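Novice: Go by the hints and put chain W onto chain S.
Protein chains in written order, with this note's numbering: chain S, 180 to 515; chain W, 180 to 515.
For the record, the hints were derived by calculation from the structure and aren't laboratory data. Quantities reported herein were computed from a predicted structural model and do not represent experimental measurements. Warning: the hint list may mix true and false statements.
Heads up, the list lumps identical chains together, so a pair's fine if it works in one copy or across two of them.
Derived lysine to aspartate or glutamate pairs resembling EDC-like cross-links, with alpha carbons at most 20 Å apart [to be verified]:
(1) K285 <-> E363
(2) K415 <-> E199
(3) K288 <-> E298
(4) K415 <-> D215
(5) K240 <-> E483
(6) K415 <-> D203
(7) K288 <-> D224
(8) K464 <-> E365
(9) K288 <-> D443
(10) K464 <-> E477
(11) K240 <-> E278
(12) K240 <-> E279
(13) K285 <-> D426
(14) K470 <-> D393
(15) K288 <-> E278
(16) K288 <-> D203
(17) K240 <-> D318
(18) K288 <-> D504
(19) K285 <-> E199
(20) K415 <-> E477
(21) K240 <-> D467
(22) K240 <-> E313
Number of protein chains: 2
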Amino acid sequence: MNKSGNILLAHGGGGRLMHELIRDVIVPRLSNPVLDSLEDAAVIDVGRGPLAFTTDSYVVKPIFFRGGNIGRLSVCGTVNDLAVQGARPVALSLAFIIEEGFEIAKLEKIVASIAEAAEEAGVYIATGDLKVVENGGADGIFINTAGIGRVIEGTRVSSSNARQGDAVLINGPIAEHGLAIMCEREGVEFGTEIGSDCAPLAGMVGEILRAVPDVHCMKDPTRGGLAGALHEIAEKSRVTIEVHESDLPLTDATRSACDLLGLDPLSVANEGKVIVVCPGNRAQKALDAMKNHRYGREARIIGEVSGSRAEVLLRTAVGGLRIIDMPYGELLPRIC
Amino acid sequence: MNKSGNILLAHGGGGRLMHELIRDVIVPRLSNPVLDSLEDAAVIDVGRGPLAFTTDSYVVKPIFFRGGNIGRLSVCGTVNDLAVQGARPVALSLAFIIEEGFEIAKLEKIVASIAEAAEEAGVYIATGDLKVVENGGADGIFINTAGIGRVIEGTRVSSSNARQGDAVLINGPIAEHGLAIMCEREGVEFGTEIGSDCAPLAGMVGEILRAVPDVHCMKDPTRGGLAGALHEIAEKSRVTIEVHESDLPLTDATRSACDLLGLDPLSVANEGKVIVVCPGNRAQKALDAMKNHRYGREARIIGEVSGSRAEVLLRTAVGGLRIIDMPYGELLPRIC
Numbered sequence: 180m181n182k183s184g185n186i187l188l189a190h191g192g193g194g195r196l197m198h199e200l201i202r203d204v205i206v207p208r209l210s211n212p213v214l215d216s217l218e219d220a221a222v223i224d225v226g227r228g229p230l231a232f233t234t235d236s237y238v239v240k241p242i243f244f245r246g247g248n249i250g251r252l253s254v255c256g257t258v259n260d261l262a263v264q265g266a267r268p269v270a271l272s273l274a275f276i277i278e279e280g281f282e283i284a285k286l287e288k289i290v291a292s293i294a295e296a297a298e299e300a301g302v303y304i305a306t307g308d309l310k311v312v313e314n315g316g317a318d319g320i321f322i323n324t325a326g327i328g329r330v331i332e333g334t335r336v337s338s339s340n341a342r343q344g345d346a347v348l349i350n351g352p353i354a355e356h357g358l359a360i361m362c363e364r365e366g367v368e369f370g371t372e373i374g375s376d377c378a379p380l381a382g383m384v385g386e387i388l389r390a391v392p393d394v395h396c397m398k399d400p401t402r403g404g405l406a407g408a409l410h411e412i413a414e415k416s417r418v419t420i421e422v423h424e425s426d427l428p429l430t431d432a433t434r435s436a437c438d439l440l441g442l443d444p445l446s447v448a449n450e451g452k453v454i455v456v457c458p459g460n461r462a463q464k465a466l467d468a469m470k471n472h473r474y475g476r477e478a479r480i481i482g483e484v485s486g487s488r489a490e491v492l493l494r495t496a497v498g499g500l501r502i503i504d505m506p507y508g509e510l511l512p513r514i515c
Numbered sequence: 180m181n182k183s184g185n186i187l188l189a190h191g192g193g194g195r196l197m198h199e200l201i202r203d204v205i206v207p208r209l210s211n212p213v214l215d216s217l218e219d220a221a222v223i224d225v226g227r228g229p230l231a232f233t234t235d236s237y238v239v240k241p242i243f244f245r246g247g248n249i250g251r252l253s254v255c256g257t258v259n260d261l262a263v264q265g266a267r268p269v270a271l272s273l274a275f276i277i278e279e280g281f282e283i284a285k286l287e288k289i290v291a292s293i294a295e296a297a298e299e300a301g302v303y304i305a306t307g308d309l310k311v312v313e314n315g316g317a318d319g320i321f322i323n324t325a326g327i328g329r330v331i332e333g334t335r336v337s338s339s340n341a342r343q344g345d346a347v348l349i350n351g352p353i354a355e356h357g358l359a360i361m362c363e364r365e366g367v368e369f370g371t372e373i374g375s376d377c378a379p380l381a382g383m384v385g386e387i388l389r390a391v392p393d394v395h396c397m398k399d400p401t402r403g404g405l406a407g408a409l410h411e412i413a414e415k416s417r418v419t420i421e422v423h424e425s426d427l428p429l430t431d432a433t434r435s436a437c438d439l440l441g442l443d444p445l446s447v448a449n450e451g452k453v454i455v456v457c458p459g460n461r462a463q464k465a466l467d468a469m470k471n472h473r474y475g476r477e478a479r480i481i482g483e484v485s486g487s488r489a490e491v492l493l494r495t496a497v498g499g500l501r502i503i504d505m506p507y508g509e510l511l512p513r514i515c
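If we strip away everything but chain S, and leave its shape as in the complex, we get:
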């Protein structure tokens, strides 16, 4: 290791220095028989049947924030994309793009968070890559994870499967990830502390699917928030989704922060939430499964699929109906 404790361009060069960095800093915390072989491609066994496959890059700024960091996020985000597809996550790839001069101590903290989140999520890191770009060529560190999962037998969840009469549920308070990032970035304080909800949801989703195998669709409302995710479901399934404002789980801190900043909590990103759409007569079972899990204690039924026109409506506290637009772009860039 170089003495300065910072990433050098040569760390990305495929030579001795890169191998030492990978061997000493990255692999020990993530060790498993597949990764340890450090072949060009990992050979993994995932049993039979269809696979789920997904990818996400993480460019969040700042990289450390209340409730998580880019490492935890890069595991949770990808695991959650597999989970909402009705899959049990199995293995992740892990690719770093690091700016020259980045502190190796920070990389170590990030790798430790990756290891911790992967263990909680029940996945292992199967393969990886590390690139270094010159000072100014990137902003600190970017991470990409791709994930492979096994589709749970008998499930057929899809964003296009929502049906009239379905109930719409969510596992807890919304908008916390986006607000946590915003507070951190802008140095805003709200009195009450708002932390990211960043969490791996595969365990809870597995419990929901065990209780209600005929869930129609699931979606994690990340960039674009609840409004963006409900719009995708409404458009793909060609249904009207009606959400009840008074049933939306929102903490007082979130509500006042959003008021203060002029934000609509429906459009703010989440990283530990899942929207579940299931037949109305199964909603209570799904809700019970959520509430039994640590990440679903404050779950709620928030609305229903009420028609066949592709739109999202909000029934306000006083009984009016408001059309919820698809957000145009994120309020805040580099949220994940």
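Specialist: Okay, now just chain W, sitting in the frame of chain S:
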């Protein structure tokens, strides 16, 4: 689409603008039933048996160069990592990190190259992601691809499988990718044009494995060049690899460019080369299979596994033996 034809921060926001960019610019060129569903995770069928899984980020600078561009590279590099693991590539993920202000016309060219290379390699893009960072937050465009392949039945290739008595082959002239990037970046001209060898090798590797199923190891000599790749094999297999200088395939243009720049061609990156290590008595069959393929016309047997001490030796044209060191770091950052 916005009228300016450049990427806006809002293109990465998970809202309507991002969906339009993905729908209009990216997906049409890469269309297939799996990708078109645009679910959070793709559901793919890869048959039975063990899978190969790999990831690579591409940060090459410049993004367009003689012989290829970052798009072609991002398919070939990942496909080749699967191929050298003895796997038939099946599906790729595709994740963009784009700097605000990047020209959409360039993105379109890159996506077209991705589509073309994927078709040639026999893979499809199954899932993707797009992030936008603010101006100065990244250098133009970075791409990550992760790849899934099916390990070809009966093959057991691994960097740790080289055995004494094995022959070492390569499918053609070395050092061309690295030199092409260097020329492009520094504006150097060598009279003769040197272009990147960037190519998807899965087809040729399949032919080699059909002819010689007991290939012991394969490796693509990218960052770190031939020297780096041979070192990895020597160290993992704990063998001595002896390479014959006079048998190394090197074009005159490469030789004089390396002389001029003071570079060792053994350490310069390739993107369309594969090192094959197989039992000595099967070397001719492997060589024939290579030569029958468009990417192996100039294949050569370049050396052999000659002992059990983990090192790489070069037998010079005059008969001496020189130890080849593992490169310390890449000569040139952002080569791939």
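Novice: Against this structure, judge whether each hint is valid.
Specialist: Against the structure, the hints:
1. K285 <-> E363: within (17 Å within a copy, 34 Å between copies)
2. K415 <-> E199: Classified as between; 15 Å across copies, 48 Å inside a copy.
3. K288 <-> E298: Within one copy only: 15 Å inside, 40 Å across.
4. K415 <-> D215: between (41 Å within a copy, 12 Å between copies)
5. K240 <-> E483: For K240 and E483, neither the intra-copy (35 Å) nor the inter-copy (50 Å) Cα distance is at most 20 Å.
6. K415 <-> D203: Answer is between: at 17 Å across copies they meet the 20 Å cutoff, but 46 Å inside does not.
7. K288 <-> D224: neither (29 Å within a copy, 36 Å between copies)
8. K464 <-> E365: neither (41 Å within a copy, 65 Å between copies)
9. K288 <-> D443: So K288 and D443 fail the 20 Å test inside a copy (33 Å) and across (37 Å) alike.
10. K464 <-> E477: within (15 Å within a copy, 66 Å between copies)
11. K240 <-> E278: both (14 Å within a copy, 14 Å between copies)
12. K240 <-> E279: For K240 and E279, the Cα distance is within 20 Å both inside one copy (17 Å) and across copies (15 Å).
13. K285 <-> D426: neither (40 Å within a copy, 46 Å between copies)
14. K470 <-> D393: So K470 and D393 pass the 20 Å test inside one copy only (19 Å; across, 55 Å).
15. K288 <-> E278: For K288 and E278, the Cα distance is within 20 Å only inside one copy (16 Å; across copies 27 Å).
16. K288 <-> D203: within (13 Å within a copy, 39 Å between copies)
17. K240 <-> D318: both (9 Å within a copy, 16 Å between copies)
18. K288 <-> D504: Intra 39 Å, inter 32 Å, cutoff 20 Å: neither.
19. K285 <-> E199: Only inside one copy: K285 and E199 sit 17 Å apart there, 36 Å across copies, limit 20 Å.
20. K415 <-> E477: neither (28 Å within a copy, 51 Å between copies)
21. K240 <-> D467: Cα proximity of K240 and D467: none, with 36 Å in one copy and 53 Å across.
22. K240 <-> E313: Classified as both: same-chain Cα gap 19 Å, cross-chain 11 Å, threshold 20 Å.
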